[in-house]
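> Keeping their order, the protein sequence lines are chains E and L. Under numbering that gives the first Met the number 0, the first sequence has 344 at position 345, and the numbering climbs by one with no breaks. Under numbering that gives the first Met the number 0, the second sequence has 82 at position 83, and the numbering climbs by one with no breaks.
Just so you know, the hints here were simulated from the structure itself, not pulled from any lab data. As the structure is a computational prediction, the values presented were derived from the model and not from experiment. Don't take each hint at face value.
To be verified - Straight-line C-alpha distance at most 30 angstroms; calculated DSSO-like pairs for lysine-lysine:
hint, chain 1, residue 1, chain 2, residue 2
1, L, Lys351, E, Lys178
2, L, Lys351, L, Lys141
3, E, Lys178, L, Lys392
4, E, Lys230, L, Lys58
5, L, Lys58, E, Lys178
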Amino acid sequence: MSLILPRRTFLGGVGTAALAAGLPRAVLAGAPTDKRFVFITLRGAMDGLNVVPPYADPNYAALRGQIAIARPGTAGGATDLNGFFGLHPALSDIAPWYKEGALLPIHAVASPYRNRSHFDGQDVLENGTTTPLETSVGWLNRTLSTMGASNRLLGLAVGLTVPLSLQGPVQVASWAPSKLPEPDTSFLSAIQYLYQSDTILAPALADGIDQEQTDNQTIGKGTGSTAGSGKYDDQTILANAAGKLLADPNGPRIAVLDAEGWDTHVRQGAATGRLADALGGLSATLVALRSALGPVWNQTVIVMATEFGRTAHANGTGGTDHGTATATLLAGGAILGGKVLGSWPGLTEDKLYQGRDLMPTTDLRAVIKTVLRNHLGVSQSQLESTVFPNSAAARPIAGIIA
Amino acid sequence: MRDFKAATVAVTRFGFGAAPGELNAIAGDPRGWLKQQLIAPDPVVNGTPSSVKLAAYFKAQQQKATDPAGTQAFMSQMRDGFKNDIVQRTIAAAASATPFRERLVQFWSNHFTVSIQRSFVIPVATGFENEAIRPHTLGSFKDMLRAVAMHPAMLLYLDNAESVGPDSKAGLRRDKGLNENLAREMLELHTLGVNGGYSQTDVTEFANILTGWSVAKLGEPNAGSFLYRTDCHEPGSKTLLGRVYPDAGMDEGLAALEDLAARPQTATHIATKLACHFVADQPPQSAIDKLAVTFTNTGGDLRAVALALVDLPQIWSQPLTKIKTPNDLVTSVYRTFGIDDDSFEHAIGGLKMMGQTPFDALSPAGWPDTAADWISSEAVMIRVQWALAAGQKLGGSADPRTAALGSIGPLASERTMAEIGNAPSPGQALAFLIASPEFQRR
Chain E
0 MSLILPRRTF LGGVGTAALA AGLPRAVLAG APTDKRFVFI TLRGAMDGLN VVPPYADPNY
60 AALRGQIAIA RPGTAGGATD LNGFFGLHPA LSDIAPWYKE GALLPIHAVA SPYRNRSHFD
120 GQDVLENGTT TPLETSVGWL NRTLSTMGAS NRLLGLAVGL TVPLSLQGPV QVASWAPSKL
180 PEPDTSFLSA IQYLYQSDTI LAPALADGID QEQTDNQTIG KGTGSTAGSG KYDDQTILAN
240 AAGKLLADPN GPRIAVLDAE GWDTHVRQGA ATGRLADALG GLSATLVALR SALGPVWNQT
300 VIVMATEFGR TAHANGTGGT DHGTATATLL AGGAILGGKV LGSWPGLTED KLYQGRDLMP
360 TTDLRAVIKT VLRNHLGVSQ SQLESTVFPN SAAARPIAGI IA
Chain L
0 MRDFKAATVA VTRFGFGAAP GELNAIAGDP RGWLKQQLIA PDPVVNGTPS SVKLAAYFKA
60 QQQKATDPAG TQAFMSQMRD GFKNDIVQRT IAAAASATPF RERLVQFWSN HFTVSIQRSF
120 VIPVATGFEN EAIRPHTLGS FKDMLRAVAM HPAMLLYLDN AESVGPDSKA GLRRDKGLNE
180 NLAREMLELH TLGVNGGYSQ TDVTEFANIL TGWSVAKLGE PNAGSFLYRT DCHEPGSKTL
240 LGRVYPDAGM DEGLAALEDL AARPQTATHI ATKLACHFVA DQPPQSAIDK LAVTFTNTGG
300 DLRAVALALV DLPQIWSQPL TKIKTPNDLV TSVYRTFGID DDSFEHAIGG LKMMGQTPFD
360 ALSPAGWPDT AADWISSEAV MIRVQWALAA GQKLGGSADP RTAALGSIGP LASERTMAEI
420 GNAPSPGQAL AFLIASPEFQ RR
């Protein structure tokens, strides 16, 4: 459940959703789609040039120096994708997905945001407009508003908070592990009574109680209380829960996860280092998600996107500073993977954005709009009017979804 | 006239909730009680200096290859030490005789976030707060800004320690160069704000100005302390925000920080954050303006700004506008009920589960400060679960109705008081109190 009122204005189209949320639940129908969509927010500005290294670009190795990813076939080298681009070695667990057609990198992608603040960049990435703080309704919440009324929550935030991309008038579920004993229903009813006139706590609690039972049935009671010893346990617990909830025929259809650790100003490393660590977490997340989704994997599209990329040059401290374009990764059984999309701008000085960053050639909104239209069935007019206003120039891209 | 409502606002909005008997003790003059806290000097917090702890950390890292077991033991001790540090910090806030000042310390420490997401921050997080923030909480903003910019924890956390001027002696000698992380975040987060009118060129120039601001390594004198490295400083004059800083080594940075502290954009940025923290998630412009004017007119005197907060009418006329962060909630439970040795795990576990282990913010922007950031369906369930566990743990240690009157006092609704009165056990009664909207807000 999201609670905030818009900071500035509502965008068109959300009024319908607000109305739907206020209707008695029993009169509403089931889910409008069998498809599943997962958005992974890579917070901190992921360095696309090392995640999907253009190892065959004549300028790549020199720009990157010590942190360049080695060519395929050499020690610590990239996994070759298409003879020009490779995949970072820390993603070797999911590299086979590329051959399978379940992994699709798109290069030189950027949101409309052109400055270099993490926080404003993430705001634009999630609010789906061209301006930071333009609205506090996220583009995924607006997507939900186009999907028609439902008798349950179709959006799922994985973690304690609802990220901006999912915030808005359409209520969404959230899930996080808890080690605390669960209160009995009489205690919860008493708390509901206490919260009756609290406009923030009451709706959140009502949704929390609704979800609790379903979650326990779907994920298994007490999930998260069994701490493992794996390096990426925190991430895989969340991914596993997300996968199981999404796999449930009566569960959510859209889920959002966060992945952190991308702000690699120093010791970014090449085959190992801070970027490799972050990618290890992302890889573990994807593997756990796929396993928990089971057969539903074939109906799933995962989009992984970050607020902006990093400087084309390595900086002076074995890392990279805030940049512009980057790579976006798509995964899932429902994509036409096994190729690298995007128009490669090159890395010569004159081709770099402001002489320092990878030049954006694909608007991230074009990628997402294609997925929403071809996968979730959102109409082109709803995409233009409601989900991504003022994005008409970001045309759908062929070859992403069957 | 004794004003219990104002007393409740004073302890919850400005402090960490009511200690037993506190509402009664301050009801005669709640504003005076707050202002009194701003007169007394901040007590010096003794402890091992950050530089010493950092040097030990460097040493353990250096021995990683030759003595992996020793390094592992050090890291595990370091994590235990951190747990103890944050327990002590929570106790200090819960038990403080000057809770308003303590909240200000935490506000500023969050404004200038260093995070244990980078492991070298673990041993020095509380040291940073006590050394760079606490002494300046009632002093001047520019002094705090300078202390922060010179503190080894910040120089390492935002990577400036390694930044080298490309044309400096060290830059020409080695394959080393600029890192703009600290410069950008100081402009965006610490001073001007993201819309404060700076460009990428300003970021780069400020990074050049700050080259050489570093931390002494092992083998250098005073390892772990601030060290200005002349040979890493970018030569030549620099231009930041239209102002030219002639080649002057470290003095360039000192002058630039002073200028940044005095910019009107900084006053507005700070005033907006303070108003969001103390007035409401979306504070009235009049409150922001009042604080910004005070900041500007006093040259960034943080005591004067704190006094202006106390005098904001909006705070007193609208109680309970803010949802407590997990840290506020946990600290206020232990302020109201007392904390004992058995409670530490519960307190720290609660902070972790509710998503706010102190000094563990995910980014240099620090912890967010609005209800939307902290309340989701899942977050509320965990708050309610934690309230139940806390109530059951504390049950019998306090009379529930007395605790309610002494904490949320005149702000308690009839409904809340009735539920507490009718609870099936003292533990559940306290759980109702802790979970109640009045206790979850400030």
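> Broken hints, numbered, in rising order?
Checked against the structure, the hints that fail are numbers 2 and 5, while the rest are satisfied.
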